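Letter by letter, the chains look like this.
There are 2 protein chains.
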Amino acid sequence: MPLRFQSVASDKQSFARSGKLRLGEIEVNTPVFMPVGTRGSVKSLSSEDILELGYQLILGNTYHLYLKPGKEVLDHFGGLKKFMAYPNALLTDSGGFQVFSLSGLFKFEEDGVRFQSHIDGSHHKFTPESVIDMQRSIGSDIMMVLDDCAPYGSSVERLKQALDRTHRWAKQSVEYWQKNENGQNLFCIVQGGVNEALRAESLHYLQSLPFPGIALGGLSVGEPREEYVRILESLAPSLDPARPRYLMGVGTVLDILEGVRNGIDMFDCVLPTRNARNGQVFTSKGKVNLRNESHRLSTGPIDPECSCKVCKTYSLGYIRHLHKVKELSAFSLSTYHNLYFMKQFMDSLRISIENQEFGTFYTHWKKLYAS
Amino acid sequence: MPLRFQSVASDKQSFARSGKLRLGEIEVNTPVFMPVGTRGSVKSLSSEDILELGYQLILGNTYHLYLKPGKEVLDHFGGLKKFMAYPNALLTDSGGFQVFSLSGLFKFEEDGVRFQSHIDGSHHKFTPESVIDMQRSIGSDIMMVLDDCAPYGSSVERLKQALDRTHRWAKQSVEYWQKNENGQNLFCIVQGGVNEALRAESLHYLQSLPFPGIALGGLSVGEPREEYVRILESLAPSLDPARPRYLMGVGTVLDILEGVRNGIDMFDCVLPTRNARNGQVFTSKGKVNLRNESHRLSTGPIDPECSCKVCKTYSLGYIRHLHKVKELSAFSLSTYHNLYFMKQFMDSLRISIENQEFGTFYTHWKKLYAS
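Residue numbers (this note's numbering), protein chains in the order written: chain D, 1 to 371; chain X, 1001 to 1371.
Hints were generated in silico from the structure; no laboratory data involved. All figures in this text were calculated on a predicted structure; none of them were measured in a lab. Hints should not be assumed to be uniformly reliable.
In silico PhoX-like pairs for lysine-lysine, Cα to Cα no more than 25 Å straight-line [said to hold, decoys possible]:
hint, chain 1, residue 1, chain 2, residue 2
1, D, Lys326, X, Lys1324
2, D, Lys326, X, Lys1367
3, D, Lys71, X, Lys1071
4, X, Lys1043, D, Lys326
5, D, Lys324, X, Lys1043
6, X, Lys1309, D, Lys82
7, D, Lys43, X, Lys1326
8, X, Lys1179, D, Lys71
9, D, Lys82, X, Lys1326
10, X, Lys1366, D, Lys71
11, D, Lys82, X, Lys1071
12, D, Lys309, X, Lys1324
13, X, Lys1125, D, Lys68
14, X, Lys1312, D, Lys68
15, X, Lys1082, D, Lys312
16, X, Lys1171, D, Lys324
17, D, Lys326, X, Lys1082
18, X, Lys1125, D, Lys43
19, X, Lys1071, D, Lys43
20, D, Lys324, X, Lys1125
21, X, Lys1043, D, Lys312
22, D, Lys309, X, Lys1312
23, X, Lys1309, D, Lys312
24, X, Lys1068, D, Lys312
25, X, Lys1309, D, Lys324
26, D, Lys326, X, Lys1312
27, D, Lys309, X, Lys1309
28, X, Lys1020, D, Lys43
29, X, Lys1160, D, Lys324
30, D, Lys82, X, Lys1082
31, D, Lys309, X, Lys1082
If you want the footprint, here are the derived chain X segments under chain D, 3+ residues with CB under 8 Å [stated by the list, open to error]:
hint, segment
32, 1041-1048
33, 1174-1188
34, 1237-1251
35, 1315-1322
Computed beta-carbon distance windows for the label pairs [claimed, not checked]:
hint, chain 1, residue 1, chain 2, residue 2, range
36, X, Gly1183, D, Glu72, 35 to 45 Å
37, X, Lys1287, D, Glu52, 51 to 61 Å
38, X, Leu1297, D, Arg22, 52 to 62 Å
39, D, His123, X, Glu1072, 54 to 64 Å
40, X, Ile1119, D, Arg114, 43 to 53 Å
For glycine and all other residues, C-beta sits at the position ideal for the given N, C-alpha and C.
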C-alpha cells in the first residue's frame, strides 16, 4: 500500500519530530528503530519474538536474500513476509551497499554494477531495475533505490561521480517503479559524503522526484562524529516536511539522538543485535558488558528498570555464565533484551518530543552513552 | 524430597511399564525422556521453552557445572534451578563419565579419580563424596554416584576392576548420602560392559543397597545394537519392580523402544537436541534431513501431524533456508520441534502401555526409525 506520513509533534528547540507512518494496515510511530533481519531472520530470534517485542517494521537485506534463498524461492512463497511468518511491515535496502562492502570484487557499468558473491565467487549484476524487481519478489513495503555509496575519504571527484550515478539511477528507478507501484514504496538515497555542497545538491535533486520517502546514505561509514553531525545539521533545514526521512545503517543511542535532533524519522542498525551476541547490552544506566567478572554473583536482572521477559526471569550472573560458556541462549536472551531496550528507548524518545521534553531527554541519554 | 515411585500399568507381552515418579511437588509420568541441559541450559532454548514444552525433569552435567560456573556460584545462587530459573525437577550425573570421555588425562586412585579440565588443563579430583557434595550444591532432585565406566571393548579383567571400584564407591556413596539426605535422592549405576554375568552380579549387589533408584551405565557407548539389546534382555527380569530404572545416555527412538520393552522408566540423551542443530528432525513419518534440496520449495510444516508452535508457524522450506545460511534461529526452532516430538512420543508410548497396545506401538515406530 502507498505510504502515508503524518507529522504529529515537533520539538521547538530542534528539528526533532514525531509522526505516524502508515503502510497499509500497519501504523508505525516515528521516530522508529528497525531491527535488521538480514537473511529472513533477526539473528538469534524467531518471528514470534519480533512480534512479541512489538516491532511493526523490520529490515531485510536484498543482497543476502538475492543470493539465498534467491528470487525463485521468494516468488514461490509469495514474498519474504510469508516465508518468515512475519506479518508486519518490511523495508529492504537495494543491495548496493553490500555489493560495495561485502562482495570481493565489483565493477560499475553504465547501467548497473557487476559483482562476485561473497559466498561462492559467482558472478552477478544489479541494475536499478533488477533490484526493484528483486524487492518486488521480496515484497517489501518500502524499497530502496540502487545507489553509489562512495567510501569515507573519497576524493571530491569520486563523490561527484557517485552523485551523478546515484541521481541518474534514482531517476530511472522512480520511473521504473511508477510503471507498476503495486502497493510498494520506493525511497531515494541522498549521497555526497561529508561534502555539504554535494549533500545539498543531492537532497535538492532527489526531493524534486516523486519518491514517497527520503533516505540519507553514506553516513556512519567511518567518518568522525563531528563530520557526521555537521552533515546532518547542514541537511536538516532542507528536508521535505511531508516525507519520512530515513538515516540508513544508524545506529547507536548517540547517533540516533543526533539523527532525531536533525529531523530523522527512521533508523536501522545491526548494533543492538550484534553487540548483544558479543555480550554488550544496553540499560537505563548505560552499556553493560555481560562477560565482566564483576557480574559473576549478580542475582539481580541485567537492568532493574527494564520489564522485558529476560530481565523479569533471569539474573545477570546467569546470563554472564551463558556468555562465558558460549551457550546459544546467551545470544537470544541478550538480543531480546537489547531489542526490547531499543523499542522502549524509541517510544520514550517519541513521547519526549510530544511533551516538548526532547532537550532533556537528549542530554540525559547523551551523557549515559557518551563513551 | 525423597522420591516415590508407583507403577501404573504393565505390558503383558514385555517388561514395559508405565508409572508415576514423584519428586516433591513434581509428578513425572514414566517412561520419561529427559532433555540434557549440560551447562545450565538446554542448548539453544530458554528455560521458558522447556516449561512450555511441558518437561518436568531435565538433566544437568556435574562435570561441566563443576568447572563452570563452579561450586561457589551455584552455592551463592542457591542451586542450579534458581540459577537457570527452572522450577521443575532436575537429575544430575556424577561427572565420572565426562572425566573418562572429555578430560584429556585422568588417573584412578584408591579414593577417587584425578583429571585435567578439558577447558584449561587445570588439575582436579573427584571422589564419591565430593561429587555428592557438588550435586548438593547443584541441588538436583536425583543425584548419581561416581562410578567407573570401562569403555566398550574392555577386557574381562578391566570390566571386573571397574565393577569392584563401582561397587566399593557405591557403598561409600550411599552411606555418605544417608548421613544427610536433605530431600535429594541418589541412584546407583550398574556396570559390567556387555558381559551378562558381570551385569547380573552388579545389579544384584547394587540392588542390595538402599538406593532409591537404579541406573544402567556403560550402554549405548559404541557396542553393536545386538549386544545392547542382549544386555537389556538379560537384566530385565531381575530389575527391582519397586524402584525407578534409568538407562543413562539413551537415546534414539529405537534404543528407547528396546529400553522400555525391557522395563526402563527413564532416559536422557543429547541426540534430539544435537541432531536438531545439525538439521535432523524427527517426525511422525521418520527422520527428516532439513538441509535436503528437496525441501527448498516446501510450504508445508516439518511434520503435518505435529502441533508444536514451530510446525504451526513455519514452513519446512523456511527452516531449511535458516539451516543453509546457519541462522541461530535454525538451531532453536529445530530443537524446539525435536523436544516437542520426544515429549509426544513418550506420552503416546506411555498411553500405548496403559492401553495394552505397546506391541503395536513398538512395531510401528521400529519400522519408521529402523535406519
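Here is what the structure says about each hint:
no. : hint                                : verdict
1   : D:Lys326 with X:Lys1324             : 22 Å, holds
2   : D:Lys326 with X:Lys1367             : 38 Å, violated
3   : D:Lys71 with X:Lys1071              : 53 Å, violated
4   : X:Lys1043 with D:Lys326             : 10 Å, holds
5   : D:Lys324 with X:Lys1043             : 14 Å, holds
6   : X:Lys1309 with D:Lys82              : 16 Å, holds
7   : D:Lys43 with X:Lys1326              : 10 Å, holds
8   : X:Lys1179 with D:Lys71              : 68 Å, violated
9   : D:Lys82 with X:Lys1326              : 20 Å, holds
10  : X:Lys1366 with D:Lys71              : 41 Å, violated
11  : D:Lys82 with X:Lys1071              : 47 Å, violated
12  : D:Lys309 with X:Lys1324             : 30 Å, violated
13  : X:Lys1125 with D:Lys68              : 50 Å, violated
14  : X:Lys1312 with D:Lys68              : 24 Å, holds
15  : X:Lys1082 with D:Lys312             : 13 Å, holds
16  : X:Lys1171 with D:Lys324             : 37 Å, violated
17  : D:Lys326 with X:Lys1082             : 20 Å, holds
18  : X:Lys1125 with D:Lys43              : 40 Å, violated
19  : X:Lys1071 with D:Lys43              : 33 Å, violated
20  : D:Lys324 with X:Lys1125             : 23 Å, holds
21  : X:Lys1043 with D:Lys312             : 21 Å, holds
22  : D:Lys309 with X:Lys1312             : 23 Å, holds
23  : X:Lys1309 with D:Lys312             : 23 Å, holds
24  : X:Lys1068 with D:Lys312             : 24 Å, holds
25  : X:Lys1309 with D:Lys324             : 30 Å, violated
26  : D:Lys326 with X:Lys1312             : 30 Å, violated
27  : D:Lys309 with X:Lys1309             : 19 Å, holds
28  : X:Lys1020 with D:Lys43              : 41 Å, violated
29  : X:Lys1160 with D:Lys324             : 40 Å, violated
30  : D:Lys82 with X:Lys1082              : 39 Å, violated
31  : D:Lys309 with X:Lys1082             : 16 Å, holds
32  : 1041-1048                           : holds (count 7)
33  : 1174-1188                           : violated (count 0)
34  : 1237-1251                           : violated (count 0)
35  : 1315-1322                           : holds (count 5)
36  : X:Gly1183 with D:Glu72: 35 to 45 Å  : 60 Å, violated
37  : X:Lys1287 with D:Glu52: 51 to 61 Å  : 31 Å, violated
38  : X:Leu1297 with D:Arg22: 52 to 62 Å  : 34 Å, violated
39  : D:His123 with X:Glu1072: 54 to 64 Å : 57 Å, holds
40  : X:Ile1119 with D:Arg114: 43 to 53 Å : 48 Å, holds
In this structure, the hints that do not hold are numbers 2, 3, 8, 10, 11, 12, 13, 16, 18, 19, 25, 26, 28, 29, 30, 33, 34, 36, 37, 38, in rising order.
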